[in-house]
Amino acid sequence: MENKQAGAGSKIKNIYKSDRHMWRLIIIMILWFVFMAVTKFSKFYTVVNFQTMFAQFPEFGLMSLGVMVCMITGGIDLSTVGVANMTGISMALLMQWASGESQELSPIWILIVFVLAILIGMVTGAINGILVSKVHIPPILATLGTGQLFTGLGLVMTNGSAISGFPSTYAFSINNRVAGIPVQFLIFVVVAIVMAFLLSKTTYGKKLMLIGTNENVAKFSGLKVDHILIKTYTLSGICSALGGMIMLANYNSARSDYGSNYTLQCILIVVLGGVSPNGGKGKISGVLLAIFLVRALETGINRFPQISSYYISLIWGAVLIFVMVLNYFTENNVKLFSKKKA
Amino acid sequence: MGEYLLRAIDIHKYFAGVRALDGVTLEIKPGEIHCLAGENGCGKSTLIKIISGVYQRDSGTIEFDGQAMNRITPIDAIMKGIQVIYQDFSIFPNLTVMENLAINSQLAANKKLVNWKNMRKIAEEAVAKIDFKVDLDAVLGTLSVAEKQMVAICRALMFNARLIIMDEPTTSLTKKEVQALFKIILQLKAQGIAILFVSHKLDEVFEISERFTVFRSGKLIKTGNTADLDDKKFSYYMTGREFDVKTFSPSRTTEEPLLEVKNLTLDNSFENISFSVKGGEILGITGLLDSGRTELALSLFGMEPATGGEIFIHGKPVKITSPQVAIENKIGFVPEDRLSEGLFLPQSIGDNIIISEIDRLTNGILMDKSRCKEEIDRWVKEMAIATPDPGNAASTLSGGNQQRIVLAKWLACNPDVLILNGPTVGVDIGSKHDIHAILQELADKGMAIIIISDDLPEVMENCSRVLILKHGRTAGELSTQDITESMILDRMM
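Protein sequence lines, in the order shown, are assigned to chains S and Z. Numbering-wise, my numbering puts 313 at position 313 of the first sequence, and it's gapless, one number per residue. Numbering-wise, my numbering puts 288 at position 288 of the second sequence, and it's gapless, one number per residue.
Keep in mind that a hint or two might mislead.
Within a straight-line C-alpha distance of at most 25 Å, the following computed BS3-like cross-link-like pairs (lysine-lysine) qualify [claimed, not checked]:
1) S/224 with Z/319
2) S/201 with Z/369
3) Z/369 with S/224
4) S/219 with Z/369
Hints are computed from structural coordinates only; laboratory data are not their basis.
Let the hints inform the model, and build the full structure from the sequences given.
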């Protein structure tokens with residue numbers, strides 16, 4: 001009997017060990033949902049609350065997917081928020097111009113701005129990719145620089161103020177629900193499926209992982225490393241631009257300093273989701289779970305009026321450090337609570 | 001003083017139930033040069049770590065200088081005069097030579113302030129002991145591997161060493177540097193210091209040691225005088241297998257060369273190199289470290305495209321400007337350093353095998369998982385890669401098996417010309433013979449093979465012709481059938 005129990009115990013342990021990051025996230029998620037159920041059931045578990053959450057997380061969720069692919073190559077993308085805001089601002093200005101005095105916008109423009117946004121994302125991402133691969137600037141510096149550049153461009157275009165006088169057609173159609181499901185979430189799902197497909201079903205995904213493991217070996221294996229890096233940053237740029245378009249709809253305005261804490265939050269999500277900052281390791285499933293977890297945490301915290309929203313940054317910083325310390329211990333098999341072997 | 005300086009008798013050591021050492025014995029006389037040999041994983045390193053106090057033995061006795069040592073800590077070992085020089089030398093690359101040498105005594109004295117004058121004096125005394133000429137203010141990271149090793153030796157000597165253990169000290173040294181190291185070792189011996197020299201290189205064992213001990217799979221196989229040893233016996237003790245050494249001669253070659261190189265030049269590396277290889281031939285390229293042999297290999301594979309001269313493949317001129325072009329022209333390349341150039345260590349064995357041919361394993365845009373698996377299974381079987389699951393990380397394998405993965409990666413691309421730079425560096429003797437057999441078989445099937453190596457026995461055994469490089473120029477091309485190693489050496493030096 002005892003043996004059998006031990007067997008079951010080790011089985012569970014093996015399942016846990018097979019994907020620690022996933023299971024850790026699932027456990028934290030369950031604990032948090034139980035905690036919210038116990039403390040604020042009526043305020044947290046409402047359809048509207050969940051609809052709001054699903055409308056909100058796509059904006060940084062998309063950016064996180066971009067940061068994820070860059071981090072798998074061993075790089076990072078710090079320009080996401082800059083790209084997002086610049087895209088939002090230029091599209092807001094474009095829609096303002098297109099509608100003229102009438103404040104009317106034909107629905108075809110929504111398609112046009114999305115296509116243009118994707119183009120902006122591609123160009124900005126390709127710039128990052130070229131700086132990283134061809135000019136050999138460390139990704140952290142290259143994207144910090146371009147991020148600042150794009151934010152600055154946004155500032156110049158707006159003179160630092162918010163753009164809000166554009167037709168509400170846009171915000172209205174994106175900030176909408178299809179069969180009760182927020183449109184923002186649907187956009188996110190499409191991108192996430194494309195990403196998952198790229199990572200697990202195509203040779204690009206495999207090459208990405210191996211380049212992140214060791215760029216030099218990849219070169220010696222005949223992979224077009226530069227090409228793949230540029231592709232990757234371009235992908236990240238597209239994600240950021242789409243994130244910017246969702247922000248534009250959610251706020252119904254655009255400004256160069258919106259979402260400034262998203263940079264840290266995206267990195268937090270990606271690391272929490274089990275992507276190694278050293279590259280070569282990571283799964284989209286973990287990152288998706290982490291995106292949702294971070295949103296649920298923030299929404300949950302907001303249900304406690306006594307905790308000021310000013311604490312959010314502090315909490316994210318602390319969680320990021322905690323996760324990385326935890327990863328260090330699991331990856332190096334350091335046992336925190338067991339006695340040292342004699 | 002007794003007959004032996006160190007006696008480690010009937011040592012057992014288990015790691016998590018796995019037997020690492022199974023009753024091994026090692027006895028070292030004062031002032032002798034003793035060679036400890038064995039393939040990777042035979043327990044050499046474990047025993048060293050037990051002697052130096054890093055690990056504790058599970059059973060057995062250790063006597064040093066006639067005194068039984070019950071529990072050895074690293075400090076005990078140093079106090080008794082046992083010093084280990086590890087492969088990575090355990091030095092601080094960002095500090096100067098002087099700081100590296102003096103830091104231990106400074107730490108031992110528990111000083112908070114640095115006395116530079118004192119440090120310089122300590123360092124000067126240390127290098128004087130072996131007549132080592134070096135700039136004490138040079139930052140260690142800028143020194144050559146051999147110089148770093150000398151610094152480590154000087155540091156070891158500062159503690160009145162009686163026994164110095166060197167863990168594979170010649171792995172990354174050039175021939176000249178190895179000779180310099182051997183001179184130092186003989187000096188140390190003259191000072192009455194015993195040396196335990198860990199190596200699996202035959203020629204070194206013969207040249208330097210007086211007595212030897214061979215381990216295999218955690219067991220003592222043989223100990224005795226080096227004078228009673230020969231190549232064949234040594235290989236047998238190491239591997240438990242007998243090998244027939246026979247020189248390769250091509251069975252049939254193609255009419256036209258598959259690869260021909262005319263006046264190939266890479267600025268500041270090599271110039272005017274010409275040679276050709278037919279299918280079925282194995283060409284050796286050898287030379288000293290600065291001869292341009294590695295750069296030549298990199299140029300042929302497009303990593304550092306040549307700046308002048310011509311390359312012909314199947315008689316047609318091609319410009320190899322990148323590895324992709326090389327692969328398109330059916331050139332495969334096994335690089336020199338498996339760890340930083342050949343393998344994605346933490347990734348699976350399977351991914352490592354198929355990465356270079358991955359674009360062919362698709363149906364349109366999707367990866368064809370079943371064909372990937374087929375390819376992986378095929379190569380794991382064909383190369384006899386010893387793994388229970390090709391999904392395991394490549395880092396779980398031994399050097400020999402890892403090299404088979406790199407080989408499999410290129411064979412999967414079905415090359416006409418295979419270039420190998422140091423194909424058996426850091427590979428145990430058994431696998432080395434297997435890899436040689438594979439290469440000879442490939443040549444017999446019609447592949448053109450180029451082996452770039454400074455391991456002359458390897459070149460002599462496997463290549464039908466050898467091209468010798470010196471200072472970036474051709475110093476001769478010889479047929480291996482009717483020459484001796486010393487003739488190659490003469491042209492290399």
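Hint check:
1. Between residue 224 of chain S and residue 319 of chain Z the alpha-carbon distance is near 17 Å, which keeps this suggested pair within the 25 Å criterion.
2. Of the supplied pair hints, the one linking residue 201 of chain S and residue 369 of chain Z holds, its CA atoms being roughly 9 Å apart against a limit of 25 Å.
3. For a cut-off of 25 Å, the pair hint linking residue 369 of chain Z to residue 224 of chain S stands: about 22 Å separates their Cα positions.
4. This hinted pair checks out: residue 219 of chain S and residue 369 of chain Z have alpha carbons roughly 24 Å apart, not beyond 25 Å.
In summary, the structure agrees with every hint in the numbered list given earlier.
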